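**Student:** Read off the chains here:
Number of protein chains: 2
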Amino acid sequence: MKKMTPFKELISYEEALKRILISAKPINRTELVPIGKALNRVLAEDVIANMSVPPFDRAAMDGYAVKAEETFDASSSKSKALELVEVLHAGALSNTILSKGECIQVATGSPIPKGADAVVMVEYTEKNGDIVNVFKPVYPGANISPKGEDIEEGKVVLKVGEQLLPARIGALAALGKKEVKVYEKPQIAVVPTGTEIQEVGYPLEKGQIYDVNSYTLSSIISENAATPIKCKTVPDTTHELRNTVKKLLKYDIIIFSGGSSVGERDLLINVIQELGTVIFHGIQIKPGKPTLFALVDGKLVFGMPGYPTSCLLNAYLLLIPAIRQMARLQLKVEKNVNAKLAQRVVSSTGRTQFLPVKLKENLACPVFKQSGAITSMSEADGYIILPINTDVVEKNQEVTVFLFD
Amino acid sequence: MKKMTPFKELISYEEALKRILISAKPINRTELVPIGKALNRVLAEDVIANMSVPPFDRAAMDGYAVKAEETFDASSSKSKALELVEVLHAGALSNTILSKGECIQVATGSPIPKGADAVVMVEYTEKNGDIVNVFKPVYPGANISPKGEDIEEGKVVLKVGEQLLPARIGALAALGKKEVKVYEKPQIAVVPTGTEIQEVGYPLEKGQIYDVNSYTLSSIISENAATPIKCKTVPDTTHELRNTVKKLLKYDIIIFSGGSSVGERDLLINVIQELGTVIFHGIQIKPGKPTLFALVDGKLVFGMPGYPTSCLLNAYLLLIPAIRQMARLQLKVEKNVNAKLAQRVVSSTGRTQFLPVKLKENLACPVFKQSGAITSMSEADGYIILPINTDVVEKNQEVTVFLFD
Numbered sequence: 001m002k003k004m005t006p007f008k009e010l011i012s013y014e015e016a017l018k019r020i021l022i023s024a025k026p027i028n029r030t031e032l033v034p035i036g037k038a039l040n041r042v043l044a045e046d047v048i049a050n051m052s053v054p055p056f057d058r059a060a061m062d063g064y065a066v067k068a069e070e071t072f073d074a075s076s077s078k079s080k081a082l083e084l085v086e087v088l089h090a091g092a093l094s095n096t097i098l099s100k101g102e103c104i105q106v107a108t109g110s111p112i113p114k115g116a117d118a119v120v121m122v123e124y125t126e127k128n129g130d131i132v133n134v135f136k137p138v139y140p141g142a143n144i145s146p147k148g149e150d151i152e153e154g155k156v157v158l159k160v161g162e163q164l165l166p167a168r169i170g171a172l173a174a175l176g177k178k179e180v181k182v183y184e185k186p187q188i189a190v191v192p193t194g195t196e197i198q199e200v201g202y203p204l205e206k207g208q209i210y211d212v213n214s215y216t217l218s219s220i221i222s223e224n225a226a227t228p229i230k231c232k233t234v235p236d237t238t239h240e241l242r243n244t245v246k247k248l249l250k251y252d253i254i255i256f257s258g259g260s261s262v263g264e265r266d267l268l269i270n271v272i273q274e275l276g277t278v279i280f281h282g283i284q285i286k287p288g289k290p291t292l293f294a295l296v297d298g299k300l301v302f303g304m305p306g307y308p309t310s311c312l313l314n315a316y317l318l319l320i321p322a323i324r325q326m327a328r329l330q331l332k333v334e335k336n337v338n339a340k341l342a343q344r345v346v347s348s349t350g351r352t353q354f355l356p357v358k359l360k361e362n363l364a365c366p367v368f369k370q371s372g373a374i375t376s377m378s379e380a381d382g383y384i385i386l387p388i389n390t391d392v393v394e395k396n397q398e399v400t401v402f403l404f405d
Numbered sequence: 001m002k003k004m005t006p007f008k009e010l011i012s013y014e015e016a017l018k019r020i021l022i023s024a025k026p027i028n029r030t031e032l033v034p035i036g037k038a039l040n041r042v043l044a045e046d047v048i049a050n051m052s053v054p055p056f057d058r059a060a061m062d063g064y065a066v067k068a069e070e071t072f073d074a075s076s077s078k079s080k081a082l083e084l085v086e087v088l089h090a091g092a093l094s095n096t097i098l099s100k101g102e103c104i105q106v107a108t109g110s111p112i113p114k115g116a117d118a119v120v121m122v123e124y125t126e127k128n129g130d131i132v133n134v135f136k137p138v139y140p141g142a143n144i145s146p147k148g149e150d151i152e153e154g155k156v157v158l159k160v161g162e163q164l165l166p167a168r169i170g171a172l173a174a175l176g177k178k179e180v181k182v183y184e185k186p187q188i189a190v191v192p193t194g195t196e197i198q199e200v201g202y203p204l205e206k207g208q209i210y211d212v213n214s215y216t217l218s219s220i221i222s223e224n225a226a227t228p229i230k231c232k233t234v235p236d237t238t239h240e241l242r243n244t245v246k247k248l249l250k251y252d253i254i255i256f257s258g259g260s261s262v263g264e265r266d267l268l269i270n271v272i273q274e275l276g277t278v279i280f281h282g283i284q285i286k287p288g289k290p291t292l293f294a295l296v297d298g299k300l301v302f303g304m305p306g307y308p309t310s311c312l313l314n315a316y317l318l319l320i321p322a323i324r325q326m327a328r329l330q331l332k333v334e335k336n337v338n339a340k341l342a343q344r345v346v347s348s349t350g351r352t353q354f355l356p357v358k359l360k361e362n363l364a365c366p367v368f369k370q371s372g373a374i375t376s377m378s379e380a381d382g383y384i385i386l387p388i389n390t391d392v393v394e395k396n397q398e399v400t401v402f403l404f405d
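Protein sequences appear in the order of chains U and H.
Take the first sequence: its letter number 174 is residue 174 in my numbering, and every next letter is one higher.
Take the second sequence: its letter number 156 is residue 156 in my numbering, and every next letter is one higher.
In case anyone wonders, no lab produced these hints; they're calculated from the structure.
If you're wondering where the values come from, they're calculated on a predicted model, not measured in any experiment.
Treat the hints with caution; some may be incorrect.
One copy or any two copies: either way a pair holds, since identical chains are not told apart in the list.
As the list claims (entries may be wrong) - Here are the simulated DSBU-like cross-link-like pairs (lysine-lysine), alpha carbons at most 35 Å apart as the crow flies:
(1) 155 <-> 360
(2) 37 <-> 369
(3) 247 <-> 18
(4) 247 <-> 299
(5) 335 <-> 358
(6) 360 <-> 18
(7) 206 <-> 181
(8) 178 <-> 286
(9) 360 <-> 25
(10) 286 <-> 335
(11) 177 <-> 358
(12) 67 <-> 114
(13) 360 <-> 395
(14) 232 <-> 114
(15) 358 <-> 18
(16) 286 <-> 78
(17) 37 <-> 155
(18) 18 <-> 340
(19) 78 <-> 100
(20) 340 <-> 147
(21) 335 <-> 159
(22) 395 <-> 147
(23) 358 <-> 159
(24) 155 <-> 286
(25) 206 <-> 159
Bound conformation, chain U alone:
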C-alpha cells in the first residue's frame, strides 16, 4: 500500500482566485452567427454602419407633408387651405413632386415626398373633401426624421467587446445585417471520475451513486455563456486519466470532479504533474479544500472535489469568474441581501467557510448538512461567508447573503 499524500500547501481563497484569473485568458477565436442567435454574445469587431437609418427622410407623425413656408401664417383662428393631392402609406413611395398650394397625406414612417419639407400633425388640421385646412404653422423639418438621424452611414454603431443585449441585436437588424462576428464561447469538458459513478436513468449497482456533478457543472457553465461538453466517466487509473487529459486538450477548460482528495487513488495530480504544471492544490476554504488547479499546454484543468456541495460551491466561487473572463463578459455583479442569522454558527478553524443558507423573510437559516449532500445546495438561496479568523457567529447577527440566482 502506497502512502496517502496529504495536502502540502493550502492557499487562501483570494490567492486561488487571483491565480485562476491570471491563467484564464480571453478567447480570441471568432465565429459568424445569425443575429437571431447572437443574443448576449460578445462582439469580435466594431460594427460600422453600411447604410443610414432611417435610409430616407420620413414622416415622424401621421399628418400632411407640406411646404413649411406656406403654413407660416396659419393659426387656430385663420387656417391655411391646401389641396390634398395624394395619400401615402408607411411603405409607399410617391412620384409626385409637391407644388405650391398642395399637401400629401403621410403616415408615420412614410418617405417624405419631393417638394415637401415639413409635416403638419393631423391634430392641427381639418379635412373637407380634397381640401385640408392647417391651423398651425410648422418650421422646415418639423415632424420629419431625416435620413441617418438614428444611425449615420460610416459611423461605428457597436464596439468590439460589447455584449449583444436585445437593443444591440436591434441595431444590427436596423442595418440589415444577417450575421455578426462574435467571440467563440469557451468550451468546457466536464469529466466525472471513479468507477462508483453511474449515469442517471440506469439502475445503481451496489456501492454506486449517480453522477450529480456533471449536471450541476454543466448547468452553471451554460448559464455563464459557455458550452459544456459532458464526457463519459473515467476510471481512476493513471493510464485512463492521462489519455483523457490529452484527448480533451482541444477544449478551453477541463474539469474533473472526484479524484482530487487525499485518497490513494487520487492519481490526477500525478498525471497533471507529468503533463503540465499544478498551480495550486488545496484551498483554505470549507467546503472545497481539495480543489486542484493546473495548466496543461496553456489549457486550464480543474480537479473539483467529488462531493456535490463542495463541487458546486467551488464552481460558483472559482469556475464562473474564470469562464466569464475567458468569454470576455463582465465579472458577475453579486446579488446580495442582508439578513439576520437564524441560529448560532460555529466555524471550523483556519478556513474561510462558505455556508449555504435559506432565506425565510429576514432570517438566514443555515441548510448545510455536509459537503456530500446535494440538498445542502438545492435548499439554499445563497451563502454567507465566515472569514478565516471567525470562531462563532451569534444568532441574530446581521449577515450578507450572496444569492445563487
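Once you've looked at the hints, dock chain H against the given chain U.
**Tutor:** This is chain H only, laid out in the frame that chain U set:
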C-alpha cells in the same frame, strides 16, 4: 379618405400593467424534459425521493473502517494496533465481514464494510506493513454518512412551482432521474406588420426599412423563459390581419408590431374588436403611447408601436411581466443603481416618461434621440422614470436608473 381615429381613453402605466397581469394566466400545460435540458424550468410536480441518498452507509473520510469500541482506549501516547485485512476504493464493495482486531482501509465514499461501525481518519493512524496503529478513539458512527443522510426515501425533495436552479438539477440527478415534468414555456408569436418592412439580409426597396422589432422582441422573450415564434411580415389589410390573428391563436400570446398608431391603415384594432375584446388602447407613457392590449379567445394580443424604442421599452415594461407570470416565474427583481442626472431634462406633460440613459461613472446621461431610433436603446444601460406630473428634472439631481441587463 376615412377619418383618422385618435385615441379615446389613455390609461396610466400602472393600470395598464394591472390589466395585463389579470389576463396573463399561468400556463397549465406540462411536458417531460431530460434533466440536462431542464435548467431554470419550473417544476410541474412534487419530486418525491424514490431512493435514499446516499444509497448506503459510506465513509465520509479517507481512513480505516473499524469497530468503534476497539478504539476507546486509543490515545496519542498509546495506540491501538489493528490488522489491515482489505483495501477498498470509493466504488468497491467488500464481502469481508470485519472481525475483532481488524480494520479495512476505506476512501471517502466507500461503502462501510459489514461489522464496522466507524471510520478512523487517516491523519490519526500510522501504518506498518499490515498493522495499522490508531491514535484516537472514535464513537460509533464517526466519519460515516449514513444511508439517506442527504435525501430520505419517500420524502419530498423539490416542490411543484420551484424553479430548477443548478443545485436542484443536481438533486434530480442524485435520485437518478432522467426526465422531469415541468410547465411548458409560453409560446409567443411575433408578427411585424406593414409592407415597408424588409427582412434582414435582403436589399431594401425604396421606402423600406429593416425589421428590427422581431429581433428585439424575440431576444427578450428568449431571455425570459419563453419561446418566440418569428412570423412573416403581414400587410396592413383587414383581411390579412384577421387571418393572421385566427391562425396564431394556437399560441399563448400574439404580438403585432406596427399598425397600432392612429394612421388610417391601423386596422388591427378593428379586427380585434371584431374577434375579441380590446382591454386598452393607449397608455399615458412616453414612448409607447399607442400600445394596444386585447384578448381573443382567452389569448393575449399585444399591438406594439412600430417604432423600435417604443416597442422594446414597452416590452420591458409590459410584456416581460406578462410572460414571467405565465411561465410561473417570479417577477424580475429590478436591478437599479442611483446616479446623478448629467443634464437638465424637460418632461412632456401628462405622461409618465421612461427615458433611456447611459451610465458614465456616477452620471446618468440621457441617450434618447426619438422613439424611432434603435440607438436610443442600444446605447442605453437602463432608463429613468419621470413621473406623470414632472415638468423638469434638474442637472445633478439624484435619479434611480433601472438597468436593462
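**Student:** If a hint holds in the structure, say so; if it does not, say that too.
**Tutor:** Checked hints:
Taking the closest pair of Cα atoms, residue 155 and residue 360 come within 35 Å of each other only across two copies (21 Å); inside a single copy the shortest separation is 52 Å, beyond that limit. Taking the shortest Cα distances, residue 37 and residue 369 sit within 35 Å of each other only across copies (27 Å), while inside one copy they are farther apart (41 Å). Taking the shortest alpha-carbon separations for residue 247 and residue 18, only the intra-copy value of 28 Å comes in at or below 35 Å, while the best inter-copy value is 56 Å. In this homomeric assembly, residue 247 and residue 299 come within 35 Å of each other (Cα to Cα) only inside a single copy, at 12 Å, whereas the closest approach across copies is 52 Å.
In this assembly of identical chains, the alpha carbons of residue 335 and residue 358 lie at most 35 Å apart whether taken from the same copy (15 Å) or from different copies (21 Å). Taking CA atoms no more than 35 Å apart as the test, residue 360 paired with residue 18 passes in both settings, with 34 Å inside one copy and 28 Å between copies. In this assembly of identical chains, residue 206 and residue 181 lie within 35 Å of each other by CA distance solely across copies; the values are 28 Å between and 51 Å within a copy. In the homo-oligomer, the alpha carbons of residue 178 and residue 286 lie at most 35 Å apart only across protomers (31 Å), although the nearest pairing inside one protomer, at 49 Å, exceeds that limit.
In this homomeric assembly, residue 360 and residue 25 come within 35 Å of each other (Cα to Cα) only across copies, at 27 Å, whereas the closest approach inside a single copy is 40 Å. For the homomeric pair residue 286 and residue 335, the shortest alpha-carbon distances inside one copy (21 Å) and between copies (31 Å) are both at most 35 Å. When the C-alpha separation of residue 177 and residue 358 is checked against a cutoff of 35 Å, the pair qualifies only between copies, where the shortest distance is 24 Å, while the shortest distance within a copy is 46 Å. For a Cα distance limit of 35 Å, the shortest separation of residue 67 from residue 114 inside one copy, 10 Å, qualifies, whereas the shortest one across copies, 99 Å, does not.
Taking identical chains as interchangeable, the C-alpha atoms of residue 360 and residue 395 lie at most 35 Å apart only when both belong to the same chain, with a minimum of 14 Å there against 41 Å between chains. In this homomeric assembly, residue 232 and residue 114 come within 35 Å of each other (Cα to Cα) only across copies, at 31 Å, whereas the closest approach inside a single copy is 69 Å. When the C-alpha separation of residue 358 and residue 18 is checked against a cutoff of 35 Å, the pair qualifies both within a copy, at 29 Å, and between copies, at 31 Å. For the identical chains of this complex, residue 286 and residue 78 are inter-copy neighbours only, at 31 Å across copies versus 83 Å inside a copy, given an alpha-carbon limit of 35 Å.
Taking CA atoms no more than 35 Å apart as the test, residue 37 paired with residue 155 passes inside one copy only; the shortest distance there is 24 Å, against 41 Å between copies. Taking CA atoms no more than 35 Å apart as the test, residue 18 paired with residue 340 passes in both settings, with 31 Å inside one copy and 34 Å between copies. With identical chains, the CA atoms of residue 78 and residue 100 are at most 35 Å apart within one copy only, with a shortest distance of 19 Å there and 115 Å across copies. Within a single copy, residue 340 and residue 147 get their C-alpha atoms only as close as 58 Å, which misses the 35 Å cut-off; across copies the closest is 33 Å, which meets it.
Within a single copy, residue 335 and residue 159 get their C-alpha atoms as close as 27 Å, and across copies as close as 24 Å, so both meet the 35 Å cut-off. Taking the closest pair of Cα atoms, residue 395 and residue 147 come within 35 Å of each other only across two copies (31 Å); inside a single copy the shortest separation is 65 Å, beyond that limit. In this homomeric assembly, residue 358 and residue 159 come within 35 Å of each other (Cα to Cα) only across copies, at 15 Å, whereas the closest approach inside a single copy is 41 Å. Proximity of residue 155 to residue 286 under the C-alpha cut-off of 35 Å is restricted to the inter-copy arrangement: shortest distance 28 Å between copies versus 52 Å within a copy.
Taking the shortest Cα distances, residue 206 and residue 159 sit within 35 Å of each other only across copies (29 Å), while inside one copy they are farther apart (57 Å).
Violated hints: none; the structure is consistent with every hint.
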